[in-house]
Every structure is written in C-alpha cells, then in structure tokens.
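Asks: The lines below spell out each chain.
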Amino acid sequence: MDAQYDLIVAGAGPAGLMAAKTAAEDGLKVALLERKTTIAEVTRACAMMFLGEDDSLFGERMYFSNKNKKMVFPVNGFSVRYEGPYKNFYGKEAYSPDGKTYMATEDYETRVSKGDEGRLSVVFDKGALLQGLLEEAEEQGVDIYRGVEVLDVKKEGEKVQVVGSNKTFEAPFSIAADGNNSRMAQKLGFNKERNFYCSVGGINAYLTGFQHPRPLISIMIMDWDRNHRIPLIYYLLPSPYADDERMVFVGGLADPRLDYLSELDYLVNEGPFSSWFVNPVIGKTISCVRNFWAPVAEPFKDNVLLAGDATWTQEAEITGALLCGWKAAHTVANAIRLNQLNRDGVMGYLTWWKKSFPEFHNYKAFFRTLAMMATINRDDLNYLYTVMQGPVLFTLNPYTVPQHHLQGALPRIQEERPELLGKLQKMQTTPIEETMASFAKAGFPNR
Amino acid sequence: MITINTKKCTGCGGCIDLCPQIAIFMIDDVVTVDEEKCNECKMCVKVCPVKAPMEAA
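Line by line, the protein sequences give chains A and B. Each residue of the first sequence is one higher than the one before, counting from 1 in this note's numbering. Each residue of the second sequence is one higher than the one before, counting from 1 in this note's numbering.
No lab work stands behind these hints, which were simulated from the structure alone. Check each hint, because a few of them may be wrong.
[As the list claims (entries may be wrong)] Stretch by stretch, here's where chain B covers chain A in the computed footprint (C-beta under 8 Å, at least three residues):
hint, segment
1, 147 to 154
2, 282 to 290
[What the hints assert, rightly or not] Below, simulated EDC-like cross-link-like pairs (lysine to aspartate or glutamate); rule was C-alpha separation at most 20 Å, straight line:
hint, chain 1, residue 1, chain 2, residue 2
3, B, K46, A, D255
4, A, K70, A, D55
5, A, K167, B, D34
6, B, K37, A, D152
Cβ atoms here follow ideal geometry from the backbone N, Cα and C, with glycine treated the same way.
All chains, please: the whole structure from these sequences, using the hints.
Replies: Written out as structure tokens, the structure reads:
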C-alpha cells in the first residue's frame, strides 16, 4: 500500500519547505521528500541575497524587516521568519575584464551613511532561512522523508503517484519544488515542449582577506577563460559573516574543458583583480550546474503543480520560490476543501503564476548578457567599457537590463570600431535563440 | 566504471539531476553511482563543476 497523503511536495528548498509548511498550516496531511538528510545545510551554489527590495519582482515588493526578522511580502500578504545573519550592501559595480575601467551605481558614501534606508539589498544565510522553515514545517506535523530520490511521477486514476527511491506516495495533488533541473518537470514531459537555451555551471566560495575601497557593494565581472574562450562571469558579494570576507561566485557555460576552481585561483592570485585579495583563505566551496529552459506554458499537469525554479527559465530566486510555495499550497488546500481535485480546482494558482511570472517579466531579457557574450570577445568588451556612459541602475532586477550605456556611445563606436558596431546591431535584430544557438548545442538538456 | 571522488564532490546534485539513467543517488548525503544502472555515458563527468566523477579501472 502506497503512503497516502493530501499533498506530496518534492524538494525541501525554499519553495518546497514554504509549500509544505503552508499546506500543513491549512490543515493538510503533507509528505515532503528530499534527497539530502541535512536539509538546512546549503550544498548548491546560490547568490544568497534578497532580490526585489529595489524593484517589483514577480509582482511583489518584498523587503526584509530587520526589526521583526521577517521577509515581508506586502502585495500577496504574508511574511517569512528569518533569524540568521545578514549584511546590507549599497550598490553594484561592473568591471572590464582587464580591470582597467568600471561602472558603478551612484552615491555610495551617502547610501552607507543612511544604513537600512540607503541599501540596495541584503546578503543573508540561506541555511538559516531553510532551518526556520524546516522547524515550522516540523511543528505543523509535516512528514519529512529524508534521503528520498524522486524517480517518477504519474497520474494513477484520481491520484498522483510519486515514486520515491524507497517508498511510493499517493495524494490528490503534488507540488514539484525540485528546482531548476526538475525531474518532476522532465518526467511529466514539460522539457519536450519548451526551448532549451544552455547549461551553466559554477562554484561559490567564501574568501577572507578582501580589501576594496567600497567593500559593501556587489561586483560583477564578465570575462572569458584564458584557454578556450568560454564565457565566464564572476560575482563578488559581501558576506553576512565578516567584513573582510567575500562570497565569490565563478560561473560560466557548463563545459568539461572549464575548471572553475582554477579560474577562482587565477582571479584571486594572479589576474587583474588579485590586489583585492590579501592573504586570502578560501573557505567552504559549493557548486551547481543547471539548465536554462523557457518557462513552462502552464505550471500544471496530471495534478502536479510546479513551483519555484521548476517553472521558470533561470532562477525564480528565493523571492519567487517562497511566493510559489505559499500560493500553490493555499490553492491546493482550497481545492481539497471544495473537493475540486482537478485543474479547475487549482486555477487560482495558474492565473496568479501567469500574472506574476511570464506576464510580469520578459524572461528573455535575462539572456541579454549571455547573448552579448556570444557576440563579442574580450577585447571588444574591454573597449566597450572605455566608451560606455552613465551610472549603473540602482536595481538588482535581472530583467531590467539597461540599454542606455551603449546608446550614447554608438557614434564613437561607429567611428572607431565599425565592425563591432555591426556585430552589436546584428545582435539587436537577431532572435536571442539564434544568437545563443552555439551555447544550446554545447549544453546537456534533460529532456 | 564511474566513481565519485568524495573529496572533490560538493554535493550539489547536478549529476544526479542530469544523469539520463537515474543511476546516481545521494546516500546519507554522499553522492554514489549505482553500478548496475550506470551505462558509462559519462554525462556526470561532463556536467560536474568540480570534476568529481572519474573513470576507474
């Protein structure tokens, strides 16, 4: 006999824990399946900052209330406890690959002096967020199955059957919160119906010994690896744990020829930015590899609701994950109360998701950086940094990609580098899928 | 035969997600290849960001 529940949630990340806890609060009997046993220990690379305080993200205006230790979601009307460490940061800077020029947001010193009022966002400890949600889920009586791999999912009669590696579960509904490479989405056939863009990989590491005139900023550097010219991107973020610590993310196209650890070593010890690191000690290093798909057309099939990264193209991010988990769980609870155990029963989630995700953001805007890297080379980018103009926009919204930096410089590029202008103009008029075709071909789609 | 170098592996689970055979599992938080299910396609070798999967004799 399969284990019987009202709801089976696959994946105990932010979306899955939020869904399980919320559904249990609504009175459902919930099973939460997770392959790890140490749920609150983060082993997958993640930016670990709150996105969305500066701009409307997924239709929300999420902010972190330091005083109440809560992430507040005022538009949707709920909050999530966060009692871990955090640190404000006050701007962002983007550097040319050769380190000679950079662009920045304005008014760093003034913003720092304003404290919480002046911040761009907050870096935090994702493990502490997961721990808080896990405790609430346990208090609410969620049955947490650790060490379970989801092998398959299918509709069996009126119910969803989720086949775990050592147990099979049945419920009227399931929520797939199994992330960017979702096996639930794969098994339900979503990946046969959506466009594949590329596979990306990366590592993050905490490093001490960071010295910079403006330490409380996020730094981004686009580059290419020295041996194979594979696109790379570095993010250097403040750490919630110590002032002289940085969280460094090194990411790029997933390619067996690329060694992220040696790229990190080059950044810290040899490259043009190595002077920022004084006797650095590299702490815990974690990694990730993920596929970029187009969003699902509708986050529902065979009584499975998709939530968080499983639905979206790149990252729904912590904000989007918590939102999806919360909304999907309430919608399922309502459908069960009304005994409407089908698509009509969860229509509230489906229309909400469409409004908050694909209708709210142009997901293709996220790919503009990658499309740029497929178009130009390292020398081109170093040159562009010398002619680009204007301050960086004070936002972390990944769908707001400013075009104005290049606009004002076009006459000069026309004069100095007409062939580069030609490449940029061609990129503007070519579909992003076409520009990125070689990246898709080099990827590892889990269809 | 493919094995995972547990000293290099960070436990991100990317190889588990992308293995076409579903032949890789996390057993007590240690990423492990199921020899009977593995057909040595080497997808895990290609996708691993820290080069933990390796071919063993």
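Asks: A separate judgement is required for each hint: does it hold in the structure or not?
Replies: Okay, the hints, checked on the actual structure:
no., hint, result
1, 147 to 154, "holds (count 3)"
2, 282 to 290, "holds (count 6)"
3, B/K46 with A/D255, "7 Å, holds"
4, A/K70 with A/D55, "18 Å, holds"
5, A/K167 with B/D34, "18 Å, holds"
6, B/K37 with A/D152, "15 Å, holds"
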